[in-house]
Amino acid sequence: MNLVQKAVAQGGKLAPIVIQDAIGGMNPSIFIDKDGDILVNVRVVNYTLYHSENQQQFPSRWGPLSYLHPEKDQRLVTENYLCRLNSDLELTDYCKVEMLNLHQPIWEFVGLEDARVVYWDGYYLIGVRRDTTTNGVGRMEMTAIDLDKTNWTAKETDRVRLEVPNSYCEKNYAPILDKPLHFIKWHNPVEIVRAEGDQVVQVSLKQGITPAKDQRGSSQLVRWGNGYISVTHEVDLFKNYLGQKDGIYRHRLCIWDDDLNLVGISPEPFSFLDGRIEFCVGASVLDGDLLLSFGMQDNCAFILRTPGALVEDMIAEALSAH
Amino acid sequence: MHIETLIVDLSHNPFNAELNFEVACEYNRLNQTASAVSFYLRTAEYGKDTHPSLVYASLLKLAECFEHQHDRLHTVSNAILQAIAYLPYRPEGYFLMARYHERQQNWQECYTWAQIGLYESMLPINALPVDVEYVEYGLAFEKAVSAWWVGRKDESVLLFKQLLEKDLTPEYRIAVQDNLNRIS
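For the record, the sequence lines run as chains A and B. Going by the working numbering, the residue at position 205 of the first sequence is 205; the numbering climbs one at a time, nothing skipped. Going by the working numbering, the residue at position 62 of the second sequence is 62; the numbering climbs one at a time, nothing skipped.
Think of the hints as simulated: they come from the structure by calculation, not from any bench. Each hint should be verified, as a subset may be incorrect.
Taking lysine-lysine and the DSSO-like style, the derived pairs with C-alpha atoms no more than 30 Å apart in a straight line are [unchecked claim]:
no., chain 1, residue 1, chain 2, residue 2
1, B, K153, A, K239
2, A, K245, B, K161
3, A, K34, A, K239
4, A, K13, A, K96
5, A, K155, A, K206
6, A, K245, A, K185
7, A, K239, A, K179
8, B, K48, A, K6
Remember, it's a predicted structure, so these values are computed and weren't measured experimentally.
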């Protein structure tokens with residue numbers, strides 16, 4: 001059973017996010033602002049992900065998993081749309097984030113990707129950018145935004161690229177929402193880092209419970225009870241007999257105590273809609289329920305309101321597994 | 001039905017070809033062609049052995065979605081070719097393949113696909129569950145257009161005149177008449 005099915009059966013709600021300016025949206029990140037506004041950043045791309053599932057009888061010319069960008073434009077371009085939802089999770093406002101023009105992109109992956117929404121002293125979006133070198137070096141970037149909530153416009157006003165020596169691609173740091181500038185960088189062992197200026201500084205490194213598979217950051221860490229919860233993802237990447245790439249993404253719920261010790265994790269991975277490629281990028285708590293934002297096959301964006309009772313069941317299951 | 005309702009229905013039975021198709025059609029109606037691609041493709045993959053008309057229609061709608069996204073010609077043709085290979089006795093795929101080549105001005109390819117379609121799809125067929133822009137005289141029209149460009153002027157004129165005898169949509173009637181005015 002997928003999580004959407006469970007959540008809706010227990011009184012939850014699934015809300016698709018449809019941005020009329022786009023042909024689809026992906027990997028939304030949800031966040032409740034200090035004034036109570038429900039914000040969602042939706043990643044809008046210039047490609048369509050083509051992923052054959054089941055017996056893969058109808059692959060693309062390039063295999064079962066392909067990023068179908070325009071044929072005369074090899075780039076995979078990301079733009080970000082900041083949205084506001086009402087309490088029924090209906091889209092009321094959206095706008096494209098107007099980014100600073102600080103450099104010419106010089107790699108195929110263009111733009112701020114898979115941005116998580118926070119609010120840390122003006123910084124709203126934290127994602128990875130890979131277009132500043134000719135070989136795709138990725139670094140986390142924090143983007144400050146002037147968000148005009150009356151006219152609903154969003155303009156980037158500042159950007160900090162977090163430098164890490166001797167690394168090719170840094171991504172999927174999980175922001176700890178109530179600890180500004182702090183992230184979970186790795187989950188096994190748990191490494192907490194802090195942004196200091198444009199540097200990443202290790203705060204702690206300690207062994208928590210050992211996940212069955214390597215867990216990577218997905219949602220932010222949000223307060224739940226006396227600790228935190230977050231959603232992580234795991235990936236199976238493989239190739240078919242023709243050497244064509246393929247993959248399956250699944251998620252788990254992580255339970256953290258107040259000192260950010262990882263104390264529980266779902267014993268089994270879960271899916272949202274039984275798609276093979278799904279990606280959760282956001283979590284937020286609304287009136288005792290957990291809002292999870294996820295993308296499916298890079299082509300659709302959804303918010304799932306997960307009833308608090310179901311979350312408690314998932315937490316109990318995660319804690320009892322260790 | 002609203003997309004939210006459709007998706008929730010699908011979550012209860014995620015590999016159901018009919019539900020995936022309904023979600024795809026709704027996303028397509030909303031001009032969310034990337035989203036629609038995901039669910040048309042799931043319809044095809046999960047319905048291959050049980051829902052031939054839905055699968056065939058989904059493959060053709062995939063081509064339509066990619067055509068609307070522009071500059072994905074290889075993917076458009078690939079989806080149409082997959083539909084033809086899946087149900088080679090149906091005419092719609094041949095028509096769309098011929099039209100695809102007409103739009104690329106690949107005149108011999110257009111003529112050949114139209115001719116194959118006219119030859120292969122002689123059996124009576126049931127209607128597809130969605131409109132894929134096929135008309136029963138479409139193959140003859142594509143053959144008439146391309147015939148002129150591959151040096152078969154007399155054949156082209158004859159085919160256009162025969163088309164005028166049919167019950168054409170206004171768009172096709174104008175196109176046929178315009179072509180005849182130019183070439184005869």
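Going down the list of hints, with the structure as the test:
With a C-alpha separation of about 51 Å, the suggested pairing of B:K153 with A:K239 is violated against the 30 Å cut-off. Distance hint between A:K245 and B:K161 is unfulfilled; the C-alpha atoms sit about 52 Å from each other, more than 30 Å. Pair hint A:K34 plus A:K239 does not hold up; C-alpha atoms about 45 Å apart against a cutoff of 30 Å. Annotation: proposed proximity of A:K13 to A:K96 holds, straight-line Cα distance about 26 Å (limit 30 Å).
Under the criterion of a C-alpha separation no larger than 30 Å, the hint pairing A:K155 with A:K206 is inconsistent with the structure, at around 38 Å. A distance of roughly 26 Å separates the Cα atoms of A:K245 and A:K185; the hinted pair therefore holds under the 30 Å criterion. With a CA separation close to 40 Å, the supplied pair A:K239 and A:K179 exceeds the 30 Å bound. Annotation: proposed proximity of B:K48 to A:K6 holds, straight-line Cα distance about 28 Å (limit 30 Å).
Taken one by one, the earlier hints fail for this structure at numbers 1, 2, 3, 5, 7, listed in ascending order.
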